[in-house]
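As given, the protein sequences belong to chains B and X, one line each in that order.
For the record, in the first sequence the residue sitting at position 16 is 16 according to the numbering used here, with numbers rising by one throughout.
For the record, in the second sequence the residue sitting at position 109 is 109 according to the numbering used here, with numbers rising by one throughout.
There's no promise every hint is true.
What the hints assert, rightly or not - Pairs of lysine-lysine residues, derived as DSSO-like cross-links and limited to a Cα-Cα distance of at most 30 Å, are as follows: (1) X:Lys-70 with X:Lys-106; (2) B:Lys-57 with X:Lys-106; (3) X:Lys-70 with B:Lys-9; (4) X:Lys-106 with B:Lys-9; (5) X:Lys-38 with B:Lys-71; (6) X:Lys-16 with X:Lys-101; (7) X:Lys-38 with B:Lys-70; (8) X:Lys-38 with X:Lys-16; (9) X:Lys-106 with B:Lys-83; (10) B:Lys-83 with X:Lys-16; (11) B:Lys-57 with X:Lys-38; (12) X:Lys-101 with B:Lys-57; (13) B:Lys-70 with X:Lys-16; (14) B:Lys-57 with X:Lys-3; (15) X:Lys-101 with B:Lys-71; (16) X:Lys-101 with B:Lys-83; (17) X:Lys-38 with B:Lys-9.
Claimed, not checked - Simulated coverage check for chain X against chain B, where a stretch passes if three residues somewhere in it have a Cβ under 8 Å from a Cβ of chain B: (18) 28-35; (19) 57-69; (20) 90-97; (21) 100-110.
It is worth saying that the hints were derived from the structure and are not from the lab.
Ideal Cβ placement from N, Cα and C applies to all residues, glycine included.
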Amino acid sequence: DGGITQSPKYLFRKEGQNVTLSCEQNLNHDAMYWYRQDPGQGLRLIYYSQIVNDFQKGDIAEGYSVSREKKESFPLTVTSAQKNPTAFYLCASSIIMGGYQPQHFGDGTRLSIL
Amino acid sequence: AQKVTQAQTEISVVEKEDVTLDCVYETRDTTYYLFWYKQPPSGELVFLIRRNSFDEQNEISGRYSWNFQKSTSSFNFTITASQVVDSAVYFCALSMNRDDKIIFGKGTRLHILP
């Protein structure tokens with residue numbers, strides 16, 4: 001079945017540590033996105049990518065980094081500079097970039113601080 | 001500025017009751033798109049519907065219906081004869097034709113009580 005796979009489902013970060021969240025899609029979608037979800041806050045866009053080797057900052061990119069070396073993969077690194085990383089992280093994709101395109105989402109990764 | 005407001009943070013109804021989730025949006029664009037997504041306890045967001053700004057026809061899909069009114073900038077979602085499986089967080093979202101991003105409301109948590 002086509003879809004988006006996020007791993008791991010749960011992740012713990014120690015002080016000063018970088019951690020990487022994986023996102024893989026087999027939908028052949030060009031555009032991919034990372035969102036952060038906090039309780040009662042809705043979804044906030046961290047980074048997005050329209051094509052391979054290109055990505056743009058979203059609304060809350062500070063303390064995060066991404067790469068897009070392959071069409072199907074868009075990993076997110078939460079760096080030690082992100083002082084409040086505890087949240088639920090969702091990866092999404094759409095056929096192409098464009099406000100009218102519905103996005104397809106993965107199951108999410110829940111990140112906590114140790 | 002573009003904005004989506006879901007004033008109902010949490011709603012509880014007894015199974016088989018009808019329930020309406022409110023969504024009010026703000027934009028100065030004449031072309032825009034409205035979405036509803038469902039987030040069940042498993043975490044992934046599931047796309048339910050997209051409506052463009054030029055189509056004010058109401059839509060019905062099984063027990064789900066949507067009422068789009070440009071005059072009041074609202075895009076409300078009604079579940080008829082609710083079921084326990086409808087329990088989830090529901091997000092209303094807005095995007096503009098020219099913009100790549102989707103703006104999400106903060107969501108409404110719906111509890112259907114058996």
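Structure-based check of all given hints:
no. : hint                    : in the structure
1   : X:Lys-70 with X:Lys-106 : holds, 21 Å
2   : B:Lys-57 with X:Lys-106 : holds, 21 Å
3   : X:Lys-70 with B:Lys-9   : violated, 40 Å
4   : X:Lys-106 with B:Lys-9  : holds, 23 Å
5   : X:Lys-38 with B:Lys-71  : holds, 26 Å
6   : X:Lys-16 with X:Lys-101 : violated, 36 Å
7   : X:Lys-38 with B:Lys-70  : holds, 29 Å
8   : X:Lys-38 with X:Lys-16  : holds, 19 Å
9   : X:Lys-106 with B:Lys-83 : holds, 23 Å
10  : B:Lys-83 with X:Lys-16  : violated, 45 Å
11  : B:Lys-57 with X:Lys-38  : holds, 26 Å
12  : X:Lys-101 with B:Lys-57 : holds, 11 Å
13  : B:Lys-70 with X:Lys-16  : violated, 47 Å
14  : B:Lys-57 with X:Lys-3   : holds, 19 Å
15  : X:Lys-101 with B:Lys-71 : holds, 19 Å
16  : X:Lys-101 with B:Lys-83 : holds, 25 Å
17  : X:Lys-38 with B:Lys-9   : holds, 19 Å
18  : 28-35                   : holds (count 3)
19  : 57-69                   : violated (count 0)
20  : 90-97                   : holds (count 4)
21  : 100-110                 : holds (count 7)
Hint compliance for this structure: hints 3, 6, 10, 13 and 19 are not met, and every other hint is.
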